[in-house]
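Colleague: Chains as they are written, first to last, in our numbering: chain F, 43 to 326; chain L, 17 to 344; chain E, 10 to 365.
No lab work stands behind these hints, which were simulated from the structure alone.
Glycine is no exception: its CB is placed at the ideal position from the N, C-alpha and C atoms.
Do not take every clue at face value.
Stated by the list, open to error - Dumping the calculated SDA-like pairs for lysine to any residue here, alpha-carbon to alpha-carbon at most 25 Å:
1. E:Lys92 to F:Arg75
2. E:Lys365 to E:Ser327
3. E:Lys92 to F:Leu304
4. E:Lys257 to F:Gly151
5. L:Lys180 to F:Glu246
6. E:Lys92 to F:Leu278
7. E:Lys257 to F:Asp272
8. E:Lys257 to F:Thr210
9. L:Lys180 to F:Arg75
10. L:Lys180 to F:Arg71
11. E:Lys211 to E:Ile172
12. E:Lys92 to F:Arg71
13. E:Lys137 to F:Gly107
14. L:Lys180 to F:Ala87
15. E:Lys92 to F:Leu175
16. E:Lys92 to F:Gly266
17. E:Lys92 to F:Phe262
18. L:Lys180 to F:Gly199
19. E:Lys257 to F:Gly266
20. L:Lys180 to F:Ala284
21. E:Lys137 to F:His247
22. E:Lys92 to F:Leu265
23. E:Lys92 to F:Asp272
24. E:Lys92 to F:Gly151
What the hints assert, rightly or not - Partial selection, computed: residues in chain L whose CB lies under 7 Å from chain F:
25. Ala109
26. Ala111
27. Arg138
28. Gly204
29. Leu205
30. Pro207
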Amino acid sequence: MTASLVEQDTARPTRTAAPLGRLLAAEVRWVLRRPRTLVMLGLFALIPIVIAIGIVIADRQMGGGLIGAVAGNGLVLPIAALTLSLTLLLPLAVTMSAADAIAGEAAHGTLRGLLLAPVGRLRLVGVKAFGVLVVAFLAVLVISVVGVVAGSLIVGGGGDVVTLSGTTLGMGEALGRVALVAVWVVGQLAAVGAVALAISSLTEHPLVVLASVLGGLIVFGVLGAIPALDWLQPWLLTSGWAGAADALRDPLPLGGLGESTLRALCYVAIGLGFTAIRMQRRDA
Amino acid sequence: MSLSSPADLGTAPAATSSAAGAVSLAARAVGLRKVYGRTVAVEGIDLDVPTGSVLGMLGPNGSGKTTLIRMLLGLTRPSAGTAELLGSAVPEAAASALPHVGALVEGPGFHPFLSGRENLRRAAAAEPLLASAAIPGAVGSALERVGLTHAADRRFRGYSLGMKQRLGLAGALLVPRKLVVLDEPTNGLDPSGTRDVRRIIGELHAGGATVIVSSHLLAEVEATCTHVAVLQSGSLVAAGELRSLLDAGTGGLVVATPDVDLALTTLRDAGATAFRDAGDEPAVVVSDGPEAPEIVALLVRAGVAVHEARRRRPRLEELFAQLTEGSS
Amino acid sequence: MTAGRTWSRIGVGAALVGAVGLGLVAIPAGAGAAPVLPPVSAQDLVSSVLTAKPGPFNGTVELDNALGLPAIPGAPAQLANGKSTARVWSGDDGKGRLSIPSGADEQTLVSDGSTVWAYDSADRTATKHTLVPGERGPGQRSATDPAAAAAAALQTLGKTSTITVDGTAEVAGRPAYALVLAPNPSERTLLREVRIAVDAEKRVPLQLTVLANGSTDPAVQIGFTDLTFGPQDPSLFTFTPPAGTTVKDEPAPAGTPEGTPGAHPGPPAGTTVVGDGWDTVVVGTMPKPGAQAAPDQRRRDEGGAPDLSSLGTPVSGSWGSGRLITTAVATAIVTDDGRVAAGAVPEQVLTEALAK
Numbered sequence: 043m044t045a046s047l048v049e050q051d052t053a054r055p056t057r058t059a060a061p062l063g064r065l066l067a068a069e070v071r072w073v074l075r076r077p078r079t080l081v082m083l084g085l086f087a088l089i090p091i092v093i094a095i096g097i098v099i100a101d102r103q104m105g106g107g108l109i110g111a112v113a114g115n116g117l118v119l120p121i122a123a124l125t126l127s128l129t130l131l132l133p134l135a136v137t138m139s140a141a142d143a144i145a146g147e148a149a150h151g152t153l154r155g156l157l158l159a160p161v162g163r164l165r166l167v168g169v170k171a172f173g174v175l176v177v178a179f180l181a182v183l184v185i186s187v188v189g190v191v192a193g194s195l196i197v198g199g200g201g202d203v204v205t206l207s208g209t210t211l212g213m214g215e216a217l218g219r220v221a222l223v224a225v226w227v228v229g230q231l232a233a234v235g236a237v238a239l240a241i242s243s244l245t246e247h248p249l250v251v252l253a254s255v256l257g258g259l260i261v262f263g264v265l266g267a268i269p270a271l272d273w274l275q276p277w278l279l280t281s282g283w284a285g286a287a288d289a290l291r292d293p294l295p296l297g298g299l300g301e302s303t304l305r306a307l308c309y310v311a312i313g314l315g316f317t318a319i320r321m322q323r324r325d326a
Numbered sequence: 017m018s019l020s021s022p023a024d025l026g027t028a029p030a031a032t033s034s035a036a037g038a039v040s041l042a043a044r045a046v047g048l049r050k051v052y053g054r055t056v057a058v059e060g061i062d063l064d065v066p067t068g069s070v071l072g073m074l075g076p077n078g079s080g081k082t083t084l085i086r087m088l089l090g091l092t093r094p095s096a097g098t099a100e101l102l103g104s105a106v107p108e109a110a111a112s113a114l115p116h117v118g119a120l121v122e123g124p125g126f127h128p129f130l131s132g133r134e135n136l137r138r139a140a141a142a143e144p145l146l147a148s149a150a151i152p153g154a155v156g157s158a159l160e161r162v163g164l165t166h167a168a169d170r171r172f173r174g175y176s177l178g179m180k181q182r183l184g185l186a187g188a189l190l191v192p193r194k195l196v197v198l199d200e201p202t203n204g205l206d207p208s209g210t211r212d213v214r215r216i217i218g219e220l221h222a223g224g225a226t227v228i229v230s231s232h233l234l235a236e237v238e239a240t241c242t243h244v245a246v247l248q249s250g251s252l253v254a255a256g257e258l259r260s261l262l263d264a265g266t267g268g269l270v271v272a273t274p275d276v277d278l279a280l281t282t283l284r285d286a287g288a289t290a291f292r293d294a295g296d297e298p299a300v301v302v303s304d305g306p307e308a309p310e311i312v313a314l315l316v317r318a319g320v321a322v323h324e325a326r327r328r329r330p331r332l333e334e335l336f337a338q339l340t341e342g343s344s
Numbered sequence: 010m011t012a013g014r015t016w017s018r019i020g021v022g023a024a025l026v027g028a029v030g031l032g033l034v035a036i037p038a039g040a041g042a043a044p045v046l047p048p049v050s051a052q053d054l055v056s057s058v059l060t061a062k063p064g065p066f067n068g069t070v071e072l073d074n075a076l077g078l079p080a081i082p083g084a085p086a087q088l089a090n091g092k093s094t095a096r097v098w099s100g101d102d103g104k105g106r107l108s109i110p111s112g113a114d115e116q117t118l119v120s121d122g123s124t125v126w127a128y129d130s131a132d133r134t135a136t137k138h139t140l141v142p143g144e145r146g147p148g149q150r151s152a153t154d155p156a157a158a159a160a161a162a163l164q165t166l167g168k169t170s171t172i173t174v175d176g177t178a179e180v181a182g183r184p185a186y187a188l189v190l191a192p193n194p195s196e197r198t199l200l201r202e203v204r205i206a207v208d209a210e211k212r213v214p215l216q217l218t219v220l221a222n223g224s225t226d227p228a229v230q231i232g233f234t235d236l237t238f239g240p241q242d243p244s245l246f247t248f249t250p251p252a253g254t255t256v257k258d259e260p261a262p263a264g265t266p267e268g269t270p271g272a273h274p275g276p277p278a279g280t281t282v283v284g285d286g287w288d289t290v291v292v293g294t295m296p297k298p299g300a301q302a303a304p305d306q307r308r309r310d311e312g313g314a315p316d317l318s319s320l321g322t323p324v325s326g327s328w329g330s331g332r333l334i335t336t337a338v339a340t341a342i343v344t345d346d347g348r349v350a351a352g353a354v355p356e357q358v359l360t361e362a363l364a365k
């Protein structure tokens with residue numbers, strides 16, 4: 043027993059870092075074992091179902107907008123559910139996971155363990171960003187898949203989708219549009235996650251992260267609604283968030299989705315860059 | 017193999033790495049200083065930890081033990097000075113040393129919703145020296161060493177303080193280590209847990225590993241350590257081999273005599289500081305006063321029957337009290 | 010240099026790239042240097058615009074409205090201050106398609122040259138309108154088509170304006186001449202000038218800018234933000250009402266349905282025009298309280314006329330009494346007895362017209 047405790051010098055140079063794949067897998071396992079992640083994902087599965095039931099009950103009294111466009115148009119349901127969730131619930135889920143990723147680990151004392159293993163500090167940022175992205179991806183996937191299924195089964199409308207422009211898309215193209223919106227939403231959530239990680243790297247209190255990111259999103263929403271501040275709009279992450287409706291126009295206009303994706307990528311670069319700087323100096 | 021005192025190191029050039037021929041060091045601090053705002057947590061600490069030693073780090077709460085350990089491990093950046101771990105500069109090159117270092121710092125850090133085993137697996141996944149296939153085995157044997165196998169699959173949330181501490185210890189022992197750093201390892205442990213910690217430290221020491229253990233329990237340190245470093249208000253007040261430190265201390269003179277009262281009166285009349293020994297046999301202790309031959313002569317002249325007179329080695333407790341008294 | 014510093018620098022670099030990128034996304038590329046084009050006289054430019062045959066194209070049109078009108082319930086969102094966009098496809102022979110998004114809804118106009126379909130996604134209605142010969146489809150006459158708006162402005166204002174060519178500019182990535190119409194000194198108007206950017210090659214107006222007195226910022230600007238000439242997919246100009254749509258058949262009308270009159274519409278029945286050129290005043294009557302008649306009213310809304318009664322300030326004079334509505338470029342008076350006078354003119358010109 044005792045002998046095995048002592049490091050025996052091996053011929054090959056010793057590793058100074060665990061394999062990245064193993065770290066990523068461990069992170070994903072940890073993320074998915076976290077009860078709140080699972081509760082969130084379960085909740086997301088309910089959203090399209092609730093909307094579908096609501097639409098069926100309201101039947102012909104449909105209004106305009108995306109929700110109105112769902113009626114009798116089942117494959118619009120995932121797009122409407124994603125757009126609706128993007129305003130608050132999806133950012134909430136991503137922010138929660140980013141808050142747990144650094145601030146939460148610091149609060150539990152496990153960040154110390156990772157740094158002592160050692161996991162390089164920059165590597166740690168990468169691993170954590172990956173974990174947050176996985177949560178964003180899974181949440182969007184759950185809404186999209188449940189949305190497609192619930193849309194077909196509850197709302198109906200066959201495989202075709204009537205666009206906002208009055209044209210009809212076949213099932214293949216309709217699913218393509220759903221996928222486009224899903225990817226776009228993941229991009230927007232990546233931006234939220236990167237900013238949340240940056241705040242998470244500043245604090246040991248996950249609630250601080252949650253409060254600041256959601257508070258920030260609300261402030262962005264308010265700023266975006268003030269006409270006198272419309273020059274601010276292009277800078278705000280949230281200003282393109284109603285743009286998923288573009289996927290239901292025909293011919294498909296990619297300008298709005300492209301611009302908001304570019305903006306989101308810029309937020310990702312800023313957020314992760316800041317996180318990397320901060321993690322180099324952070325005490326754990 | 018000597019642990020230099022701060023004064024010794026103050027004059028030594030701050031070598032960047034343990035030069036060939038010099039004593040090999042498992043850890044080293046040169047002029048380490050840490051300031052939080054206006055509070056000086058650690059002030060100019062020079063410390064060498066020789067390879068293979070068991071260093072007990074002593075000091076009252078708030079004396080800077082944990083901050084010193086954190087700087088040695090690269091968890092906290094020093095405000096000034098340099099640290100070295102297994103010959104690598106910290107924090108710059110810490111990555112090459114840390115795989116060989118196991119640590120339990122500031123309490124065990126684990127996730128409440130995972131079982132002990134799952135928590136350890138997650139920690140093991142980040143250990144560079146563990147092959148992926150070896151992880152389950154390493155986790156299992158670490159759990160066994162700390163006596164936690166029976167509770168391994170329970171959630172960490174439900175662990176008692178002692179079990180949490182044991183799991184933290186297991187985390188430090190996942191991989192065969194060259195250096196193990198244990199910050200207050202016996203916190204919350206029952207007597208059998210404390211014995212286990214002693215046993216584990218002994219095993220590590222026997223296997224040639226270096227151990228740094230901080231504690232405020234002096235008996236524990238005295239029982240397990242080869243070296244001691246005493247901190248007081250962020251400064252190192254003594255450091256060295258336990259034996260030589262104790263030898264150098266003034267424990268006083270123990271005079272075994274049946275005539276304790278007469279002896280005390282005589283000694284006090286002569287201006288010496290004397291008190292009744294707490295031991296089983298009747299004896300007096302002279303902690304201050306004339307030299308030993310003079311004391312014996314004094315007592316004999318007064319008609320006190322002197323059965324035995326011997327120099328007393330101080331307990332670590334007394335040494336600690338002497339070192340930390342008055343300097344605060 | 011230690012690894013930590015390297016990574017910190019990479020972090021700083023990434024953050025900077027993100028910030029600069031955000032700036033590039035947020036701030037539209039400034040107009041490049043004015044393109045060098047062969048000089049052209051104002052007369053030649055105007056006549057080439059009026060006879061231009063640009064051929065098929067598609068593009069995106071942006072309307073930047075700073076008229077100062079509040080959002081009126083029941084009126085199109087494009088009337089209120091702010092930017093709105095529309096997508097235009099234009100084919101040959103009166104074929105056209107126009108998509109006007111508003112929020113998560115869209116109005117679509119499709120003309121195949123003989124039939125115009127108007128589709129509204131909000132209530133999923135498709136309205137069919139058969140064109141009478143001579144009537145123009147949505148691609149040509151829309152208020153959201155800068156080419157049509159500019160041509161109308163040239164026709165209406167040409168006689169009472171000083172027309173000059175004021176250098177060149179780049180609009181929608183295309184070199185253009187800047188044609189400026191300034192009112193003759195005798196004109197009593199709120200407008201300072203109307204600027205029209207004319208595509209150098211195709212001679213199509215790319216942008217129309219209305220500038221009012223006392224302000225350097227445009228009161229209204231409509232223009233292409235991107236424009237591509239070339240053959241268009243013919244399927245764009247056909248429309249089949251999708252399943253679940255309410256289809257209405259609109260008989261050949263006297264008025265205009267979803268389609269919109271130009272910037273300066275010909276007077277509908279029941280209105281008179283006083284004056285000409287820049288100080289034209291349109292006087293009309295409202296069929297019932299709340300019906301629309303503002304000069305900026307570009308589109309009739311099927312859902313009912315917008316309610317204007319809460320707008321403006323009360324005024325009165327020898328002509329009666331009513332409410333005065335002023336914007337950056339136009340003034341309107343809605344009298345209590347249901348008459349309306351409006352024009353790009355000061356209040357006094359309106360009251361003179363009402364008094365006639």
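Colleague: Taken at face value, is the distance from the CA of Thr210 of chain F to the CA of Lys257 of chain E at most 25 Å?
Modeller: Distance ~19 Å between Lys257 of chain E and Thr210 of chain F Cα, so the pair holds.
Colleague: Regarding the pair Lys92 of chain E and Asp272 of chain F, is the alpha-carbon distance no greater than 25 Å?
Modeller: holds (10 Å)
Colleague: Hint validation: Gly204 of chain L versus chain F, beta carbon distance must be below 7 Å. Holds or violated?
Modeller: violated (15 Å)
Colleague: Is the straight-line distance between the alpha-carbon of Lys92 of chain E and that of Gly266 of chain F 25 Å or less?
Modeller: holds (13 Å)
Colleague: So if I understand the rule, the pair passes when the alpha-carbon distance is 25 Å or less; does Lys92 of chain E with Leu278 of chain F pass?
Modeller: holds (17 Å)
Colleague: Given the proposed pairing of Lys92 of chain E with Arg71 of chain F, does the C-alpha separation stay at or below 25 Å?
Modeller: Between Lys92 of chain E and Arg71 of chain F the Cα gap is close to 47 Å, so the pair fails against 25 Å, i.e. violated.
Colleague: Given the proposed pairing of Lys137 of chain E with Gly107 of chain F, does the C-alpha separation stay at or below 25 Å?
Modeller: Holds: Lys137 of chain E and Gly107 of chain F sit about 23 Å apart, inside 25 Å.
Colleague: With the threshold set at 25 Å, check whether the alpha-carbon distance from Lys92 of chain E to Leu175 of chain F stays at or below it.
Modeller: violated (34 Å)
Colleague: So, Ala109 of chain L near chain F? Judge it on the closest CB pair being under 7 Å.
Modeller: The hint is violated - Ala109 of chain L has no Cβ within 7 Å of chain F, the shortest such distance being about 9 Å.
Colleague: Hinted pair, alpha-carbon criterion (25 Å max): Lys92 of chain E, Gly151 of chain F. Please report holds or violated.
Modeller: This hinted pair is violated, its Cα atoms lying about 51 Å apart.
Colleague: Would the hint linking Lys365 of chain E and Ser327 of chain E be met if the CA-CA limit is 25 Å?
Modeller: holds (11 Å)
Colleague: Holds or violated: Lys180 of chain L with Ala284 of chain F, Cα cutoff 25 Å?
Modeller: Violated. Lys180 of chain L to Ala284 of chain F sits at ~49 Å, over the 25 Å cutoff.
The structure is inconsistent with the numbered hints 1, 4, 7, 12, 14, 15, 18, 19, 20, 21, 24, 25, 28, 29, 30, although it conforms to all the rest.
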